[in-house]
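Chains as they are written, first to last, in this note's numbering: chain H, 689 to 1142; chain P, 689 to 1142; chain B, 3 to 458; chain L, 3 to 458.
Any given hint could turn out to be false.
Computed, partial: chain P to chain B, Cβ under 7 Å [as the list claims (entries may be wrong)]:
#	residue
1	A695
2	L813
3	F1069
4	E1073
5	L1075
6	E1078
I should point out that these hints are in silico values taken from the structure, not numbers from a laboratory.
From the three backbone atoms N, C-alpha and C, an ideal C-beta is built for every residue, glycine too.
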Amino acid sequence: MNSLRIAIGGARGVIGESLTPDVIVNYSHAFGTYVEGGRVLISRDTRPSGQMVHHCVLAGLLAAGCEVVDLGVCPTPALQLAVRTSDAVGGIAITAGHNPTEWNALKPIRADGIFLNSAQAGELLDIYHQRDFRKATWDALKPYSHDVVAGLQHLDAIAAELDTDLIRSRNLLVAVDCVNGACSEYAPGLLERIGCRVVAMNTETDQPFPHQPEPAAENLSQLRALVQATGADAGFAFDADGDRLGVVCEDGSAPGEEMTICLATEMILSRGDPGPVVVNLCTTQAVEDIAAAHGDREVIRTGIGQAYVSEQALNSRACVAGEGSGGCLFPRINYANDSLATMGHILQLVAGRTSLREVVASLPRYAMTKAALPCRTHNAFSALERLREEGEPAWADPAQTELADGIKYRNRDRWVYVRVSATEPLIRVIAEAPTQGESEWLVREFLSAIRRLI
Amino acid sequence: MNSLRIAIGGARGVIGESLTPDVIVNYSHAFGTYVEGGRVLISRDTRPSGQMVHHCVLAGLLAAGCEVVDLGVCPTPALQLAVRTSDAVGGIAITAGHNPTEWNALKPIRADGIFLNSAQAGELLDIYHQRDFRKATWDALKPYSHDVVAGLQHLDAIAAELDTDLIRSRNLLVAVDCVNGACSEYAPGLLERIGCRVVAMNTETDQPFPHQPEPAAENLSQLRALVQATGADAGFAFDADGDRLGVVCEDGSAPGEEMTICLATEMILSRGDPGPVVVNLCTTQAVEDIAAAHGDREVIRTGIGQAYVSEQALNSRACVAGEGSGGCLFPRINYANDSLATMGHILQLVAGRTSLREVVASLPRYAMTKAALPCRTHNAFSALERLREEGEPAWADPAQTELADGIKYRNRDRWVYVRVSATEPLIRVIAEAPTQGESEWLVREFLSAIRRLI
Amino acid sequence: MPTVRTLKTGVSGIRGVVGESFTPQLLVGFAQAFGTYLDGGTVVVGRDTRPSGEMARNALIGGLLATGCDVLDLGIAPVPTIQHTVRRVGASGGIAITASHNPQEWNALKFIHRDGVMLRPYQAEELLAVYYQANYTLVGSGRLGKLESDPGAARKHLDEILDLVGPDKELIAKRRFRVVVDCCNGAAAGLTQPFLRSLGCEVIAINNSRDRGFPRPPEPVPQHLGQLEAAVREHGADIGFAQDADADRLAIVTEAGVALGEDFALVFACDATDPSEPGPFVTTLSTSRMIDEIGERQGRQVLRTPVGEINVVEAMRRHNAALGGEGSGGVIWPRLQLCRDSFAGMALILRGLARRGGTVTEWKDSFRPGAVVRARVDCSAAEAQSVMMALREAYSGEQVDLTEGLRVVWPDGSWLHVRPSNTEAIIRVVAEADDESAAQALRDQALEAIAAHRGR
Amino acid sequence: MPTVRTLKTGVSGIRGVVGESFTPQLLVGFAQAFGTYLDGGTVVVGRDTRPSGEMARNALIGGLLATGCDVLDLGIAPVPTIQHTVRRVGASGGIAITASHNPQEWNALKFIHRDGVMLRPYQAEELLAVYYQANYTLVGSGRLGKLESDPGAARKHLDEILDLVGPDKELIAKRRFRVVVDCCNGAAAGLTQPFLRSLGCEVIAINNSRDRGFPRPPEPVPQHLGQLEAAVREHGADIGFAQDADADRLAIVTEAGVALGEDFALVFACDATDPSEPGPFVTTLSTSRMIDEIGERQGRQVLRTPVGEINVVEAMRRHNAALGGEGSGGVIWPRLQLCRDSFAGMALILRGLARRGGTVTEWKDSFRPGAVVRARVDCSAAEAQSVMMALREAYSGEQVDLTEGLRVVWPDGSWLHVRPSNTEAIIRVVAEADDESAAQALRDQALEAIAAHRGR
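Pulled out of the complex, with its shape left as it was, chain H reads as follows (with noise of 0.2 Å):
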């Protein structure tokens, strides 16, 4: 049972030993009994237990009274756009997202398309766990239907908000690997209804994943070969279901997936929209240089967890959104990671300019080192607020102190932030400096002094 991860981001587990039919029923019941019955639509990516869980899902709402609405095999993003777009009362996605083929997970989404912030999953939660469920008699019982049409409207709202004139006259040649998953059919699509010339690799969705679902630099050996193979002006990288993207240039390099929100804000505050740029605590810095390079615009910093970045967005108005991880959300189009949307607005950010790589070494890039260290959860927030009593590191600019969530510490070009997982029994550390050298040492300081708190 330890794979079970059962938390504010949803129940997430593994198949064959953990995330078992009675779990998922229950959870699903759970959500039918929060949202008091109502349309919920449903959706899921292309792992092989998908149709399994599908079923499971099912039997939960439809016991608790919900109508439900199945989205099939759809990205992420157009589920929660559907949800937010329609008199839904809410949704759940059928996906783990970039983990590995024998995970999966459901994701709970709200009606406005965000996902649950931490109080809603904690009602959610204690419904779970109190199993008190609502139970509709066989009269109040509600159909059960699909939605073929929420992946293309999505692609339709994405197209909406491009200059496709301007990318079209590019005549650009894009390279995808949508990793056999969820934007396999749609990915192409969208590239076809903006004017680009595609070729396409991993798009059999009943076929298994080809390497690790996530669009990390690690993954993208394949892509980046077909991109120097096709002469491409570009490569994107999906991840299963279709929140995160990866990057190539067309030299065949791979710029990280912290460049993905660095470009998505230098294109939205190129084109000046307005409002601030909300990215999460550990999105590199590289934002905040974009954002003063364009008139000292406003960057606010949030908690971890797309729910967070996402109604932060939605309540600061923001003009874009993100994660590090490759996640950026597009206000004017949804309050959800959207990989497709994100392939768009780069395609035109380059369209503008001269190439990808270009664009990519105009924009500022710092080194950042990640390490993780096992502690069990309930012994990690005591470790954490033992280190914030015992203050800041001498280097660290007190002022730019942030410990609402984790702590982080940051003077001019460098920061490092300590969390606990959410999902697993570690400690997280995160550091970014200009040199590699000086964000090692930073993690290695840290880590140093956790272990001595433990």
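Starting from the structure of chain H, add chains P, B and L where the hints point.
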């Protein structure tokens, strides 16, 4: 979780592993729901987990609106007698009987003091699995109290049925091994009350079991040594909760568990009590020989499980009943396997004869062989069905074949019995014949037949 | 208030009230238990038209796939189709989601063995043991079962019936029967009309929708068939057929628009049995003596078993029966399959009617006159034991059969059967005699004996 | 209907309705989570006099023992006694089973850290994470926790208060105060009377039983204290004290039989603070300005925190406060312990009364005249945000404090505090001014501003 056994006989598991506080609370809450509130008596044996389990049971019963009376550490037959003779609607015995110390279990008892039969246990298990529990509101919660005399009342009831003058006249010296279990106080107490001298070992209820708490021959070495060292007239070994009894003769010999029911039967039939003898399907056929010797008295065979024996004893107004494992019940006292009552009756038998060894020698004895074959429960029943379809072996008398619970073939002086274990993934094969070689041959034959059919 | 008491788990399947005890937790649990029990292979799943069927279907599919079983989903399908499909595709087993003749708020699961027969009691015990233990086999994501559907399953089932009727199809078609069928908006909706047309009948179908809910209580007993009676008269039909929600049971309305007693579906089917099909008839202790009349006429033995489809089926298998079934409208034609099948029943009865000529009323009147009456008495299982003991004493002077409860047969051929129900806390009383009042007298005498014993 | 919505789990503990959401499953889950979180050691458990306490106590003991924690069971005990015992015995933590001032049908758990203080929010988050994950540490049967009881725990707690009062006991005893105490049949029943006798008082105790149920709503606000007012008049007492169900809160009735406003327990306790005890006063933004008056007189700083015991406690610790507490009757005397303690409050107030002489009414009249009024407005958390934004604009011309919600102070010393509740979907409004009508005017102005914003 594999050590959890939720089945007809109750909920049994290893502490720290499968018999968790959640399981215990749910099971007892289900029982409180099953009896629809009302007064419930509980007791426990001496294993170290008893207290933890006890509190969880209390929580579940109280939440269901039951009034709970706690008998504390006390023999299970004393609990059963108290339930039977009071207005309680049921009871829960917290004991894993003869299982090792790391196990514990909840054994549900119905209003007449007998364990639930399979239909009743099925209803209880449905409630447990559905988790649809009775929840008393704050003003409907009932109090919780203690009953410290139930164990003594049980001794009174036993003593009242015995010819204590006869026993006292022999001034017997009796050795007992209470395995630090629930009879530690009561076995010496009963012996004093009926006029025996006592030498007792392992009577510290706060100490661990000094050996496996099953009164089988292989666990009696301490007692045998004590009998020989003290020159006792008889030795008796108890299990943890006082339902089974092992016997040691004055020469230190242990005639085995099957002898206990033979001695009890000999005693009751000698006294001339009316009614049949009830034993289960795998108890020694010596019982039939003894019944025949007392004027062709009737012997009724039941399925395996104390509930079946008890219920049949009740319905057929038996004079004595029991199982080959050392548990005997005396309907004039109680419908529970009762080691203390058994000891009393055996001592009365000895008092009226020369010595225990001589009585044992006068009774018929057969050679029994037991074996178990690992087999997943859900395949085991089907294997038995195929075995049934193969029909009787040549040596068996078709008129004596029993197919109701398992398969039993018999003829004259030998039988073989095959059944699926109710609690473990095993098929059990038991045979009895005049010689060890013959009974072993029977077991071997059937083991190989089953292996073919699995 | 705990609602679990509306849950009935037992050897004949599980049954509960939707919104109370028929929960997705229960269903997904039993699906995993069944998948664990079968240890892989394909499981055929179908349901009747109850609204809760969709929820149950999803729970079962999810649970079965998780254990590594493949699922062949028939959607809405008659129970005999599901049973037929299990054998046809060589499945490991099947699950029918139907509470049969129970009201809408109930639903139930019936588990089918790989031989197409409902689980025998010992198999059901195995399944319950796995469920209670709740330690299921769950496979990794690479070995999960696959889901397929089979929209043609009912067609293949009905085609096999047509094949078995064979050349007699012509005989039936020649009569150009006009038939009204009441599908109760159940699983047979949309299937019975084309099936009977294939037999050359002119068919008027009422209550022939899958999504309108039951128009009448689904049990096809005479008092529920007023609409069908009227339609038969209105259309001047030769016969009316009524099916229940899952299409295993069948009832008959005469050309005069009169619903016949429950026993007649089986009686007619027996009477229509081809002499070329050897073997005895098998039915229950509670079924009409007309079966004996037919047996005598055809020179066949009649075997009687305790009530319950599985008991009839097992005896039919053991004795290679020609035909069998229950008086409640369940016709079992072993050349097709060993289960109650209203479609097989219709085919046999139409064949019989074609062969003998005349009307249904004339056919009915060809039997010795008689009447069957029934009653039920609330009584706990424990008390029922002592009631039955007392009754055995009360009737000890008569010719009694103690196979199940007590059956008494008098020299004039009238009989009485008293038995405790296996599933409810009631005692059932059935009596048959030459006329209604004589049958009522036998029944009332038994009821008085019961009341007298309980009054003490 | 799902009843789980009566369950409140959050950083201030868990609370639910008995028979609905306050289930043994919930309790045994949190007990295991707390035991897992603490990772061994002793846990002190006590409860108030609610009937559901016994069920909860057993669930907690069972769950804690299973995780290997030893349990020190205090049975029925005041919350401050439980907190005191945690520190005294060096326990890893404690759990108080009490819904404090909530009605009988509610009950709740309050989790206590090893330092005797309720879990801070980040600690409560840790505990919730363990509970939600439900992957508890369970030990084998040889390592299960041990259960002990400590019937003398309250005595040791109260003795320490008497020790701290020290020589002033003589001073108090000289006055031979006649005191009526209303224990609300709560956890203080049977304890307050001997405690006050040790201080030389003549004590009349009412509602002094542990098993009769609450005779009045347990919140000690003036409208609930009619019985105590009458008893004070009847017995000609010098003062009346009212406690709540778990004895953390205190209210006062004057010798004239008049219940004073909720703030007076803290006001008197501050006024009675010994000059030898250094440090500021700490209280909430919603507490009376009389604290500032005393601070000025004694030359002490007054620090104000957001509402909530834990906020006050944390500020007291950080600033080494002399005394602190909440206007709702919670007096925290840090020389004893950092928690609300009605016994400490009584001791301090009696010492103050003894030192200054005169009557309680005279003491009360020694403060600048004023009145506090309160109101609550139903409002969802989301809407509350925009309401607060609008109010900030509405009062932008005044001297405002935005620490929690909005606090406005006018030059004449009158003030207004508006804040969204942390636990309920309401906005709370408190105002204080020189007289009742002036305070009501401030309050009503705020209510109108809220209504005007929402009306748009």
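Hints and how they fare:
Restraint check, A695 (chain P) versus chain B: the minimum CB separation of about 6 Å is within 7 Å; hint holds. About 5 Å separates the beta-carbon of L813 (chain P) from the nearest beta-carbon of chain B, less than 7 Å, and the hint is met. Nearest Cβ of chain B to the Cβ of F1069 (chain P): about 4 Å, under the 7 Å cut. The hint holds. For E1073 (chain P), the suggested interface contact is upheld, since its CB lies about 6 Å from the closest CB of chain B, less than 7 Å.
Given hint, L1075 (chain P) at the interface with chain B, is violated; its Cβ is 12 Å from that chain's nearest Cβ, farther than 7 Å. The beta carbon of E1078 (chain P) is not positioned within 7 Å of any beta carbon in chain B (closest approach about 15 Å), and the interface hint is therefore violated.
Of the numbered hints stated above, those contradicted by the structure are hints 5 and 6, listed in ascending order.
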